[in-house]
Every structure is written in C-alpha cells, then in structure tokens.
Amino acid sequence: MKKTAALLISLLMVAALFTGCTPNSDKNAFKGQIYFNGSTSLAPIIASIGSTFTEEYKTWNKVDPSFPETDIAIYVSSGGSGAGVKAVLEGTSDFGMLARAIKDSEKEAIKDYHEYMVAKDALTISVNKNNPICKLMDDISSDLAKKIFSGELKYWDEVDPSLEHQEIVVVIRDLSGGAYEVFQKAIMGETLISENAIQSPSMGALATKIVENKWAIGYAGYGVYNKNIDNLFAFKVDGVEPTEANIIDGSYTIQRPVMFIMDGEPTKAQQAFIDYIYSDVGKAAIIDNGYIPSK
Amino acid sequence: MHTSLDKIVSRIIKLLAAITALLLVFITLFIARESIPAFKQIGVADFVFGSKWYPVAFVGEPSYGIFNMIVATLYVSAIAVAIALVVGVGAAVFLSCQANQRQRNLLYPFIDLLAGIPSVVYGFVGLMVIVKCFENLGRSAGESVLAGGILLSIMILPFMISACSETMLKHREAYEKTSSALGVSKWYMVTELILPASRKSILVSMALAIGRAMGETMAVMMVIGNSTKFPTLLGKAQTIPALIALEMGMVEVNSLHYHALYAAGLVLMLLLFAINAIIMSVKQKVLE
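As you go down the protein sequences, you meet chains A and B in turn.
Count the first sequence with numbering that gives the first Met the number 0 and you get residues 0 to 294, in order.
Count the second sequence with numbering that gives the first Met the number 0 and you get residues 0 to 287, in order.
If you are wondering where the hints come from, they were derived from the structure by calculation, not from laboratory data.
Every clue listed holds true.
Derived lysine-lysine pairs resembling DSBU-like cross-links, with alpha carbons at most 30 Å apart:
#1 Lys106/A <-> Lys30/A
#2 Lys153/A <-> Lys131/B
#3 Lys267/A <-> Lys282/A
#4 Lys235/A <-> Lys282/A
#5 Lys228/B <-> Lys146/A
#6 Lys134/A <-> Lys226/A
#7 Lys145/A <-> Lys213/A
#8 Lys146/A <-> Lys51/B
#9 Lys184/A <-> Lys51/B
#10 Lys131/B <-> Lys134/A
#11 Lys146/A <-> Lys131/B
#12 Lys153/A <-> Lys51/B
#13 Lys131/B <-> Lys128/A
#14 Lys282/A <-> Lys226/A
#15 Lys184/A <-> Lys282/A
#16 Lys128/A <-> Lys228/B
#17 Lys228/B <-> Lys153/A
#18 Lys282/B <-> Lys176/B
#19 Lys102/A <-> Lys267/A
Chain A is nowhere near these chain B residues, computed Cβ spacing over 10 Å in every case:
#20 Leu14
#21 Ile30
#22 Phe38
#23 Phe66
#24 Tyr74
#25 Gly89
#26 Ile110
#27 Lys169
#28 Tyr174
#29 Ser178
#30 Ala180
#31 Ala196
#32 Gly214
#33 Ala273
Note that this is a predicted model, so its numbers are computed, not measured.
From the three backbone atoms N, C-alpha and C, an ideal C-beta is built for every residue, glycine too.
Bound-form chain B, shown alone (with noise of 0.2 Å):
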C-alpha cells in the first residue's frame, strides 16, 4: 500500500516540477512569438540598435529603436550592483565577522525586510528623497540614471548581503580557530582567507541582483524620468521594464507597437541569459 502511494506522490512531484520547468520554456515561447511579426517588420539591426523610439506617429513616420532602452538598463543596473557590491559585501564581512550572535540575530530581520517593502513604496521614497536631494543640490530635474542606481542598489541589497553573509560565516568557523591559535589578526584572516573563499558566493549574488536589478520596473519607471534619449549619468533615460509598464496599457492589441513592446521584453530575457551565463563561467573560472 504504501510503496503503491509513493510511487504516485513521487510522480505528482516529477509532474509538478516538468511542469514548473515548462512554465519558463512556453513564457519563452510566447513571447517569442509575440515579438516575430515586430522582428519581420522592423528587422533585428533595425530594433535592437535604432536609437529613435516613436512607435505613435503623429509626426512624420512611426520609429522602433530601443538602442537607448537597452543601453540605458544596463547603465542603470551596473551603477546599482557596483554600489550594492562594495555596500553588501562590507555588510556581510561586518554581520559574519564583526557582530556577535545576538546582534546578527538583530539585524537580520531588518536586512530580510528590505526586501519586503514593495517596490512602488521603494519608488514614492525615491521620487521623495533621492530626486529631492539632487534638486536641492542644484539639478533642475533630479531624475536620472544616478538616481535609478542608487534606489535599485538599496532594493538589490538585502539579496547581496544574504547570500554572502552566510558563506562567510561558514568560512570564519573554519578558519577562526587556526588563524588565532597562527597569531594572525582578525582583518588579515578576513582579506586574506575570507573574502577570497566567498567568491564565488559573490558572484552567485551578483547574478541574483543583476537579474532583479535589470528587471525591475516600478520603482526605476517613477525616479528615472522616462526619457528615450541616450542615457547620460546625470540625465534621464528610460529602461526597458520602464517602457513596457508605461506602454503596455494604452497599446492596441496586435498592432506594429504592441508586438515591438513583446521584442523589447524578448530582447531583456535574452540580456539576462546572457550576463547570467557570463557569470556562471566566470564563476567556473575562479574555481578552477
């Protein structure tokens, strides 16, 4: 009787998990094939490295380049996983290494709630604090891609540190007792032992963050301007999530622009298998 049900609940799960696996590869294929008929029409070189999005033509002839997009979503998410890089890893080296048990058990709770906040809130606080600020320093519109990196680097934060801090944990039980009993200091065995053995930790982080930095809509749509021009550090852009979120809503079903908004998501699914198994063989790379 029982190995009769366990056969059947281990099918069940072989299903569930078949069927988790085919989720990701019909979105794929859908969105696929949303975006041919924008790919035929317009061509590949045409869309992915125009530089003039007007897809509504009042004036002149519709225009489907998202160059600009493209360009301006990696600025955007480099900016925030350098910051979130060198803030995150200096966060994890302090909660594993510097901070006793009950002020890790303190502070994790809050670093795990960053991630909570929803990121429409994330964007009211930015649009609040952050644009605010470089207004009152003197910028006449504060939204900008410097804008957009800091906000999404406090978003991505919580994933950097979390996944960092618990290896580097590990690696301080490991090594603690030798390196005192060697007469080594603390902060030598944490650049010298540490930092080196969590690298591959790191870069599993950056990945996670990357993906969620480059995906990211509504918090980079309210602070970043929305603008199509070539994205400057202190001048507005607009990312491809941007575009498809401002978009999506108003356009007439099946036309040029509607499946021109589909590539443009195809585009960003591709960039994202791209930096992720650039990542992954750098990954394979440090650990040889």
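Next comes chain A alone, as it looks inside the complex (with noise of 0.2 Å):
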C-alpha cells in the first residue's frame, strides 16, 4: 500500500515537470514574463525592483485592468554588460543591462535601439580620515592619482616631504570588475595600476580596508563612501568635488553610466515595468545599491 503511494507521489512529481512546458503558440499573445542579461552592477538593482513589482501586483490584470490575468515573471541573469548586448542582438532577452557607455558598433548592430538610462555610478579617490594629508590637501590631480596607482610613488613622504615614511596602500577591485574598467579609462588612460596593489572582492571590502588602515588610498564608489562619509575622506579630482550634481552633469568624471537597452519599441506591460523603475520605488532600490538615480 505505502509502495503503491510512493509511486503515485514520484508520477506526480515526474508529471508536475512537465506542465511548465505548455508551447507558447500565438506570437501576439500578451507575454507576461519579462526577461534581463547583462551587467552585475545592475542586476541585482532590477532584481529587488522586480520582486517588489511582482508582490505588489501579482498578475498583470492589477497592473493595469486592460492586460489579462497572467502572473507577472521577471527573470534577472547577469553575465556583464558584454553578455547584455549579446543577449539582445541574439534576441534571448527583452532587455541588456550594461554599467559602461554602448559601443558605436554595438549601437549599430540593433535595428532599432532604445537606451534607458537608470543611474550614474561613481568612483572617489578616497584614503583614512585619520591619514595627515586629508590636512594638507583637498584636491589631488588626475596626474597624482595616476603616479599613486601605478607604484610610481611609494611612499607617502614622496607625495609631501611632509608626510611620514610610510608605504602607500593602494587599494583597488578586482581586474575584471566594471570599477576597474572606469578608473583605468578616466585616471590611468595607458598606464598600467600597480601589480602591488590590494585587489578587493566588493566595494565594500574596499572601503573598510581604507577604514581599517591609515595608509590605504582606494577608488571607492560613490554608494560606498557616503555609507563610510565619517571615516573616508575623498578627493577632489582636479577641482571637482565628487557631489551628486558634479556627478550628474557630467563634470566628474570617474563615472560610468548604468543603464539597459532594448532592440524595438517596449510593449505595455514592458512600458508598465519601466515605469515602475522610474517610480520612487525604483529610485530607492537605486539609491540603496549606492547609485545616483539619473532621473
């Protein structure tokens, strides 16, 4: 009898495989599954505004009363900006996420390209409060940061003979991460960052290096160093403060913008969805990642 049960429950189970596989046969049928590839800096963000659509609305009819009532799915996989172009001119996502400016060539490789921009990110040049030179300067040069970060000055008494002789801790992300790609493009153009330097898991592993130690120097992001504003201090780079409008018009430029794209025009629900990113929801779920919202 108990054989007889089990066996029953596994066909079920075996049966209940299968009817997630329903064939999706009219083309202009409404779609109620969104689908996003792209940049890991982004995905997490759409991910958290995703999951508080889907609670709040459940099925699309509360959306809005026109759509039917099919349940809302939105798939998030991230695989970094480059997987997030490809991903849209091969047509296996509605959506690609990238953290970096799209390529002339790419831009020309969708038909019909939509961008929408969701945020800034930003990178300051931040070291220990606790460090002397917070007292002597305020503003490092583009050309300073550069000597820094490539081990051309060691030690900190080679940056002011002031200063103690003390070795300069750089601190810096991964080779592979976005962050690494807009520093080196803003401040490094073609030299190359010090083999020596301290390569952090996240940025927020980065800035608490720079907390804990007195020497470090480091390009935290924006969303990181506002969360530490009372142990970090950050530059001004050439002049330019690292404030939200400086970042937002554009006149700092340690920044990547953060944004998807879109082969063809959104449909409603698309539209319905995007919207919502743009709502103050969307904006907090930004602002909570540490980026500065665009709109």
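The two chains are supplied separately, each in an independent frame; assemble them into the complex guided by the hints.
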C-alpha cells in the first residue's frame, strides 16, 4: 500500500515537471514574462525592483485592467555588460543591462536601438580620515592619482615631504570588474595599475580596508563612500568635488552610466515595468545600491 | 520476498556508489572540456609558467600566466600545514596521552566546532586580528602570505587533530601497560612508541589538510591581498581559488578569460591529485 502511494507521488512529481512547458503558440499573445540579462552591477537593482513589482501586483491585470490575468514574471540574469548586448542582439533577452557606455559598433548592430538610463555610478579617490594628508590637501590632480595608483610613488613622503615615510597601500577592485575599467579609462589612461595593489572582492571590502588602514588609498564607489563618510575622506579630482550634482552633469569624470537597452519598442507590459523602475520605489532601490538615479 | 527486496536494495546502493564515483569523473571532464580552448589559444607552457596575469587588456595585450598564483597556492598551503602539523600533533599527543577522559570529552567538541565555523567568519577574524596585528607591528599593509598561512593553519587544525588523536589513543592503550610494567617513563613511550606508530595517520591527516588548504577560497582571499605579483612571505599574493572566485562573477561567458579561469581550476585539481599521490607513496614507504 505504501509502495503504491510512493509510486503515485513520484509519478505526480514527474508530471509536474512538464506542466510548465505548455507551448506558446501565439506570438501576438500577451507575454507575462520579462527577461533582463547583462551587467552584474545593475542586475541586483532590477531584480529587487522586479520582486517588489511582482509582490505588489502579482498578476498583470492588477497593473492595468486592460491586461489579462497572467502571472507577472521578471527574470534577471547577469553575465556582464557584454553579455547584455549580446542577449539583445540574439533576442534571448528583452532587455540588456549595461554598466558602461554603449560602443558605436554595438549600437549600429541593433536595429531599433532604445536606451533607458537608470543611474550614474561614480568612484571617489578616498583615503582614511586619519591620514595627515587630509589636512594638507583636499584636491588631487589626476596626474598625481595616476602616479600613486601605478606605483610610481611608493611612500607617502614622496607625495608630500612633510608626511611620514609609510608605504602607500593601494586598494582596487578585481581586474575584471567594471570599476577597474572606469578608473583605468578616467585616470590611468595607458598606464598600468601597480601589481602590488590589493584587490578587494567587493566595494564594501575595499571601503573597509581604507577605514581600517591609515595609509590606504583606493577608489571607493560613491555609494559605499557615503555609507562610510565618517571614516573616509574623498579628494576633489582636478578641482571637482564628487557630489551628486557634479556627477549628474558630468563634470566629475570618474563615472559610468548604468542603463538598459532594447531592440524595438517596449510592449505595454514592458512599459509598465519601465515606468515602475523610474518610480520612487525604483529610485529607492537604486539609491540603496549606492548609485545616483539619473532622472 | 526478502531476498528479492535485498537484491533491489543492494542494486540501488551500488548504483548510488557508482553515481558518486561518476560525479568526480564528470566534474573533471567538464572542467577539462571548458579549459581546452584556453590551453589551445594560450599554450600549456605559457599558461602554467607565464608570470603575468592581465586578462582584460585595457592597455596593450592580454596575458594569461598563472605561475605566480600556483606558487602562492603552494606557499600558503605549505606554511599552513607546517604550522598545523606542529600544533596539531602536539594537541593530539596531549589529548591522547595527557588528558583524562573528562577533559577529552570537554575538548573534542570544541575542536569539532572549529571545523564548523564558516570560512567567511574565519576570513573576517583574520582581517581584524591577524592582518591588523601585522599592521600594528609596523607593516603598512598586513595582507600577506604569512597571514594567509596562519589563518589557514587554524582552519585545518581540527582535521589534523581528530585524525591523529584517535590512532594515538589506540596506540597508547596498546603500549601503556607494557611500558609502565617495564618502568619506562610516559614521555619516552610517547616519543619512541606512539609517535613512530602514528606516522601513517599523521601523513593521512596531512593529505586531508593540504586538500582543504589548497582549495580554501573565501578566508584566504580576505587576508592575502590578491595581488598578482610573485609571492613573498610578507608580501601580498593571490591563490588560484581566490583568482577564480574574484573574477568568475564578472567574466564574459565563453570568452578566453572564462576558459582560462576553468583552466586554472583544472591546474589546481591536478596539483592536488599530484600532491595526494606523493603523500600516498610516502605512506607506502613508511609502512614498508
């Protein structure tokens, strides 16, 4: 008796595996799923906005009465900005997420290019607040920053003779991360970052390292800098302070756009979700993740 | 009825055992398959002995050489095993020969608990205690191979202690009465009888510990600084698991960089197999 029951249950479970696979025959039918793919920086933001959206409405007819009563499903996968562009080109995803400016070649390849700027991400050049250099200068030239990060200047007294003879501890993000690329383009140019730099696995770890080490310097992201504002000191770069206004108008240059793109016009359902991203709920999620909403 | 049921059960168990063995084969095959493009394009020698890791070329050409990472992985593990061997064998001798049953019952759970602490917690402690300690001693940055080695030695201690002390306890039970009847002192018994008899289990525990040490990712990544230069004792370095963990999340799928990370994983696995094979052959020699 028990065995028959077990058999029945397992058969049911196998059957359940296939129930999700009903073929979607009608192309013009309402599509309840939205797919995002791309940047690992944007993915958590879209995923969190997506889950609040799904929790709030559950089915599409509650978003807009003209929509059918289908479940809302927003799928976010991350594989880097390059994968985002590729997913849009190949049509495997509705939206591609990017945490960098789009290349002209990529833009040309997409037939009906639409972009949606979500946020700006900036990097501050930060040191520990107890570092005596904070009292000497509040402005770093991009040339000096380049010399420090490339390892050309190794000790603080080489930056200013009045400082102690202490090694400069350079903290960066890992080589393949987006922040590395932004900093390389904005500050380093053709110069390589020192091999002696500490690679932090996350922005949080990078900021913690600077907070914990008096002689450290690193490119803390704008969001993480603001969370540690009591213990970090961010330089002006070439005279421009890293403030929200300066980042949005583009005068502070160590920054990158965070956006998503698509090929063609969004459907009504997709538009509803895009509007939700630009709503106050979406903005809050963007700020929570340490970025500056662009609109 | 019972015999047929037994047959079925025994078949199922055999199948499960086969699946477990096959898992290892499949994992190795999968990693090998994913790393073939990297070996083809970079070349095995350039990949294993190349000293420059610069996979995303913002300036100049990309370069994929993991030699520094291989050395760092071996270096950190060797330090960890060396420290853990001394402390672990000492602790095992204490637990098996000096402590009484009550003390043992009290201490064993603590040692087992050491093994249960998540590695990220170890990493955090390492960052706040070991790295900080180096910095207070005058290093500008405490992240170093030595810091990683010390932290790892604490993490592998429970494996060494529990593998050694059980056999030592058995040996003590075997030799104790004869030793005391012959009027031999306890420490003579430990150094001349128990320790030599436990060589095999010490080697086995080393094999276990090295495997654990070389594969440890999170804790080491947090205290070693992840710099790609050649490792020195007090300098920063990067291990292979740390390299993979740091870069796998960002890498573009199916790019050369992606395959190179798989290849690094394959090299790590082969290194582990080789080291285990060496330890096993040493064990054979010891037994002879």
